[in-house]
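Residue numbers (this note's numbering), protein chains in the order written: chain Y, 237 to 426; chain W, 80 to 305.
Derived from the structure by calculation, the hints contain no laboratory data. As the structure is a computational prediction, the values presented were derived from the model and not from experiment. For each residue, glycine too, the CB sits at the ideal point set by N, CA and C. One or more hints might be untrue.
To be verified - In the DSBU-like style, the derived pairs of lysine-lysine whose C-alpha atoms are separated by at most 30 Å in a straight line are:
id: 1; chain 1: Y; residue 1: LYS246; chain 2: W; residue 2: LYS102
id: 2; chain 1: W; residue 1: LYS253; chain 2: W; residue 2: LYS305
id: 3; chain 1: W; residue 1: LYS149; chain 2: W; residue 2: LYS277
id: 4; chain 1: W; residue 1: LYS81; chain 2: Y; residue 2: LYS246
id: 5; chain 1: W; residue 1: LYS277; chain 2: W; residue 2: LYS249
id: 6; chain 1: W; residue 1: LYS102; chain 2: W; residue 2: LYS277
Claimed, not checked - One side of the interface only, derived from the structure: several residues of chain Y facing chain W at Cβ under 7 Å:
id: 7; residue: MET237
id: 8; residue: GLU261
id: 9; residue: ALA276
id: 10; residue: GLY343
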Amino acid sequence: MILIVDLCWKEDSLSRYEFVSPIEEIVRRAGFPSRTRHFASVQDADLSGAAAVILCGTALMDNFFAEHLERFEWVHECTVPVLGICAGMQAIAAVFGGRIEPNAEIGMTDVDVVGPDAIFSGRERFSAYELHSFAVTPPDSFEVLAVSERCVQVIRHASVPIYGVMFHPEVRNEWVVTQFLGQNTGTDAG
Amino acid sequence: MKLGVLCSGGKDSLFACWRAMQKEEVACLITIVSANPESYMFHTPNVRLAALQAEAADLPLVEVETAGEKEVELEDLERAIRIARERHGIEGVVTGAILSVYQATRVQRICHDLGLWCFNPLWHADQEEYIRSLIGEGFEVIVVGVYSAPFDERWLGRRIDAASVKELKKMAAKYRITLTGEGGEIETFVTDAPFFRKRIEVREASAAYKNYNGTYRIGSAVLVPK
Numbered sequence: 237m238i239l240i241v242d243l244c245w246k247e248d249s250l251s252r253y254e255f256v257s258p259i260e261e262i263v264r265r266a267g268f269p270s271r272t273r274h275f276a277s278v279q280d281a282d283l284s285g286a287a288a289v290i291l292c293g294t295a296l297m298d299n300f301f302a303e304h305l306e307r308f309e310w311v312h313e314c315t316v317p318v319l320g321i322c323a324g325m326q327a328i329a330a331v332f333g334g335r336i337e338p339n340a341e342i343g344m345t346d347v348d349v350v351g352p353d354a355i356f357s358g359r360e361r362f363s364a365y366e367l368h369s370f371a372v373t374p375p376d377s378f379e380v381l382a383v384s385e386r387c388v389q390v391i392r393h394a395s396v397p398i399y400g401v402m403f404h405p406e407v408r409n410e411w412v413v414t415q416f417l418g419q420n421t422g423t424d425a426g
Numbered sequence: 080m081k082l083g084v085l086c087s088g089g090k091d092s093l094f095a096c097w098r099a100m101q102k103e104e105v106a107c108l109i110t111i112v113s114a115n116p117e118s119y120m121f122h123t124p125n126v127r128l129a130a131l132q133a134e135a136a137d138l139p140l141v142e143v144e145t146a147g148e149k150e151v152e153l154e155d156l157e158r159a160i161r162i163a164r165e166r167h168g169i170e171g172v173v174t175g176a177i178l179s180v181y182q183a184t185r186v187q188r189i190c191h192d193l194g195l196w197c198f199n200p201l202w203h204a205d206q207e208e209y210i211r212s213l214i215g216e217g218f219e220v221i222v223v224g225v226y227s228a229p230f231d232e233r234w235l236g237r238r239i240d241a242a243s244v245k246e247l248k249k250m251a252a253k254y255r256i257t258l259t260g261e262g263g264e265i266e267t268f269v270t271d272a273p274f275f276r277k278r279i280e281v282r283e284a285s286a287a288y289k290n291y292n293g294t295y296r297i298g299s300a301v302l303v304p305k
C-alpha cells in the first residue's frame, strides 16, 4: 500500500482535485493500492502499513504546510521510501535542516541531471512543469540530483531513499512517480 | 473563499464551477469574448450566451471583450480578473483546464501577479470518469463546434449523453482524439447544470460544416422552468 499525503491547506479542499487526485491516479495505474491522508492527520498506523510514501504539492498561494512543519517530523524515522513533490520536497528539506526560500517559477523548464540515479532511467535532461513560489536550499544530508536554471529540482538523502522533486511529475513526467515506486518497492512499475 | 470562475459556456468551465461551489463560494462568472475564432486561450462559439448561463445560475457575470491576439488577450483576461476582484471581492480564480499547460500556466501567472488563488479542479482528471460524472450529476451539454476528423456534421447540436459517450469512446480508441475534446476536437455548450435554477432552451440554431470543421450557432435561446 502506498501512503499519499495531501499537503493542501485543509482536508478535502478544492485543491485536492489538482494536486492529490492526479497522483492517486498515477499510483492506481501503476498497479499499487493506496491510502490518502491529510498531513495533519497522518498516524503511525498509516506509516507502518505503507510500502512507500508520496507527499503531494499544493497551490501557489498555499504555504500553510510550512507553518506546521512539526507535522512532518515522522519523515526522520520513516523506514520506507519517501517522495516529496514540490511542497512535499520543501517539507522534507526543512525537517532535515534545509531552508525554504522565495523562488517563483510557473510553466515548463529544462531540468538537467547532475547526479545520476536510477529514478531518471538514464535521462540526462528533460522538460518539467514548475508551479512553486518557494524553492529549497537542501540540507547537508541530501545530495542534489538535478537542477534547473533557477533552482534545485531533485534531491535524495545520502543514505536512505528519501527523494524530493521541485517540479510536478504528474504533468508530462509521470515516469518519475512510477520509477520511484518500481525502484523502491521491488516491483517493476514501468 | 470567494471565487470567480472563468466561463466559456462549455462543459469544462461549468463543471469546474460546480466543483468549486461544493467546496467554496462562487461569487461570479468571468467571460472573455474573443473576436478571434483561432484564439489560443478562449473558446468562441456561443460564448455570448454565457450571460444566459449566469442568469440561469443566478450569478453575476463579468464580461470583457478581446481582439484575441496571442498574448495581448492575456492582458484582457487580467483586466477581467481585476474587475471581478473589484466588483465581487474574489480571492481566487477557477478554470476548467484539464491538460492544457499553455492555458493553465498563463492563468496561474496572472493569479500569482495579482495575489489570487488559482484552482483547476479538472486538472488531469480521468476523462472517462469525468464524462460519467458530468452526465450523472445532471449536466445537459450539446456539441457546438467540431474541429477534427472523424467528427462529422451529425455531431453539431448533438447532446452528450450515454449513447454519444459510447460512440466517442469507440472513436477515441480508433483515432487520436480525447474523450473530452480537450485536444480541441470539439467545443460544447451547457444548457442545464445542477446549480441552474432554470434550464436553457435553444429556439433557433444554424449549423455550418465543411471538411470536419463546423460550428453550431445558437441564434435564439431562452430560460425555461426545470
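Straight-line alpha-carbon gap LYS149(W) to LYS277(W), limit 30 Å: Violated, because 36 Å separates the two Cα atoms, which is more than 30 Å.
Restraint check, 7 Å cut-off on beta carbons, for ALA276(Y) near chain W: At 17 Å from the nearest chain W Cβ, ALA276(Y) fails the 7 Å test, so the hint is violated.
Straight-line alpha-carbon gap LYS81(W) to LYS246(Y), limit 30 Å: Holds, at roughly 16 Å.
30 Å limit on alpha-carbon distance, applied to hinted pair LYS102(W) and LYS277(W): Judged against 30 Å, a Cα distance of about 22 Å means the pair holds.
Hinted pair LYS277(W) and LYS249(W), Cα distance within 30 Å: violated, 33 Å
LYS246(Y) paired with LYS102(W) [C-alpha distance capped at 30 Å]: holds, 11 Å
Hint check: 7 Å Cβ-Cβ cutoff, GLY343(Y) to chain W: At 4 Å from the nearest chain W Cβ, GLY343(Y) passes the 7 Å test, so the hint holds.
Restraint check for LYS253(W) with LYS305(W), where alpha carbons must lie at most 30 Å apart: violated, 38 Å
Given hint GLU261(Y) near chain W, where the shortest CB pair must fall under 7 Å: Hint on GLU261(Y): holds, closest Cβ of chain W at ~6 Å, below 7 Å.
Agreement of hint MET237(Y) with chain W interface, Cβ distance less than 7 Å: Check failed: Cβ of MET237(Y) comes no nearer than 21 Å to chain W, outside 7 Å.
When held up to the earlier numbered hints, the structure conflicts with 2, 3, 5, 7 and 9 and fits the remainder.
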